[in-house]
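Starting from the known structure of chain W, arrange chain E on it as the hints suggest.
Chain order of the listed sequences is W and E.
Under my numbering, the residues of the first sequence are numbered 177 to 584, in order.
Under my numbering, the residues of the second sequence are numbered 177 to 584, in order.
Be aware that one or more of the hints could be misleading.
Stated by the list, open to error - Derived list of chain W stretches under chain E, where covered just means 3 residues or more per stretch with a C-beta under 8 Å from a C-beta of chain E:
#, stretch
1, 244-254
2, 271-279
3, 300-308
4, 404-416
5, 421-432
6, 531-545
Derived by calculation from the structure, the hints in this document are not laboratory data.
By construction, the Cβ of each residue, glycine as well, lies at the ideal position given by its N, Cα and C atoms.
Protein chains: 2
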Amino acid sequence: MSVTLADAEARDAADPLLNLRGRFDLPEGVIYLDGNSLGPLPKGVAERVAAVVSEEWGGDLIRGWNARDWIGAPQRVGAMIAPLIGAKPHEVIVADSTTVNLFKLVTAAAALAPERSVILTEAGNFRTDLYVAEGAANLLGRRFEARARDEVEGAIGPGTSLLLLTHVHYRTGARFDMAGLTARARDTGALTLWDLSHSAGAVPLDLGRDGVELAVGCGYKYLNGGPGAPAFLYVAEHLQERLMPALRGWMGHEAPFAFDDDYRPAPGLDRFLVGTPPILGIAALEAALDAYRGVAMDAVWAKSVALFDLFRALMAERCPDFTCITPQEPELRGSHISFAHPHAFEICQALIAEGVIGDFRSPDVLRLGLTPLYLGFADIWRAVDILGDIMGEARWRDPAFAVRGKVT
Amino acid sequence: MSVTLADAEARDAADPLLNLRGRFDLPEGVIYLDGNSLGPLPKGVAERVAAVVSEEWGGDLIRGWNARDWIGAPQRVGAMIAPLIGAKPHEVIVADSTTVNLFKLVTAAAALAPERSVILTEAGNFRTDLYVAEGAANLLGRRFEARARDEVEGAIGPGTSLLLLTHVHYRTGARFDMAGLTARARDTGALTLWDLSHSAGAVPLDLGRDGVELAVGCGYKYLNGGPGAPAFLYVAEHLQERLMPALRGWMGHEAPFAFDDDYRPAPGLDRFLVGTPPILGIAALEAALDAYRGVAMDAVWAKSVALFDLFRALMAERCPDFTCITPQEPELRGSHISFAHPHAFEICQALIAEGVIGDFRSPDVLRLGLTPLYLGFADIWRAVDILGDIMGEARWRDPAFAVRGKVT
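Isolated chain W, as found in the complex (with noise of 0.2 Å):
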């Protein structure tokens, strides 16, 4: 290859952000291309973890609530992702799944407009935000539309309610104009809410500067909060008196230990909290948010624009057959590469039984995250290696590697 992996070891001598990678616990002999799907483990969090259950439960137990403020979690952590965002500390909470916080922003937002009656989407859009939103249209008896990517823009209209959008497409990387499509709906009145759950933690987002009224994303990609982590929520502060939950629980009641039998919601953003908060969840996702501690995200995006570029032209040398689906400029994707090939599912296995963990996306894409607080350039040169050697002795062709588990 033209750059060699003395060139890949000298630019990660050269990194600013190298020292990073010191913050995680990464298992030796593993490549991991697969941050965006679930995050590494961050140091710290196992400590903490520890800490929160033998201490903090066991010790203190019922009085955690008050005396470590678990009660004060949602917001605390939430605050911690604002930064990250471009969002206000009070603009964030920690809460329930990206699904369920999906759903709570939908229901509440297009009850704003009940005229208008359409909530529409992209078709290929990641599966659950078509399903709460098809959900959600039935319950609220508006019309549901998924449109091609290239004709959303354009189906934006006097009937729109709410415009739902994925700001980094899971399969693709590509990335909408947040700023663009936020003003172009608000033109015509309507509502846009932004699924981050593929850009916070990876490409620089200002939601504030953008005019980004709704957003939820993902704990357990970039942000590393581990399998299954909370997710947050976000609604612009001047927006956030005017929603009215749909899904109501007791944490979001103006006075939730008052047990009044009427339902008045919390000020600002807790009304959007429902149930008791997952205090094991969100300890484990505030720790490890300590690993962007200090850390500028353009500094981040560069570093992983560089990342792009090394793969994508070491693998147009090395791998020839391989189509990268991912949009070459910076500005119109996110932070991993995908490559189709028609046999994606089993090179993706071979690959990983050799240390490089990447993610199969069906049916036929090689998903590779990039995420420059743990990987470096000599990384990325010996995962294309790797990934030729398989593809030059046809290694992904023994049956073994077609073999799927419940989860591919």
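Chain E alone, transformed into the frame defined by chain W:
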């Protein structure tokens, strides 16, 4: 007191459940009467959670979904809860919070009978049940009706779409007649949804025998799953395929990883999964359920009844200013005992200061959980004796005990 500490200790010595206390890590010097609000830490949980964090997440990364069967956790742990509530293994899953599970079942069940207009519940039900029911009724265009406890049965009629009741009342401990009310509702063509939050793991339940079709329950009370543990959801086998979720997510799809744009509900109960399962929380609950290994719920209940009788008798002697508001007859109540007193808040704080941890419930209730797995007769004796001292010396009048935390 007519029963002496020595008498109580003799009863402990003869208690067949005595050894179960060794299954918990209880702090020294604490008598824990709040296991109905947050169960204490069972042994083995800290080790299990640590292994999931460090070995499974840290070591296997994304591969844990298959290699450690994280993906099967909701069903696997649901099947562990099933025998505690008289359900079949495939009738219970663990997911989300009690509130979110209530919402899933209220919306899906009410949709089965579109011509029936009323979602009926008890006024003074736990607030999250009320808020969910009212929010869902608004979404579905139904009428929300909350009737006084003694009027609920009479209010069931041909217009009733769904009856939503909490089996054991969170404040008074009063227990509804599960089989009778379920049958009464079914006779008029209505479904009944039972909230088992204060029943599961405490009172004997046989959902199959009692004809129960829908239920939810809490993971962190008697099941000891830790603060904000995931909740469970039950649907009787015969009803599972008839319910179409309104709150839909990718994990409830027939083929979650096929990424079809069209929603097709998974077979059976799996359709009520929505987002990615919270693995740390489920792992803690799974390990915690081991405390019930080999334990007969009838034996647990028999001891609960004996603890209740002792508590009530000692209180009448030693603390006559308190009014017991929990029904005396075992079949009419759950596993906590509640006393009204105008200064219940301060008294509860004074008790906690002495290491006797109970709960205050607004406006004037001292609520004490009777959890036979780790409480003995001598604990009850000592708790009442300490309360007697606090009352006799009016120690609760210390102004420090009037200070309220966020959670009170």
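>> Check the structure against each numbered hint from earlier and tell me which ones fail, lowest number first.
In response: Violated: none.
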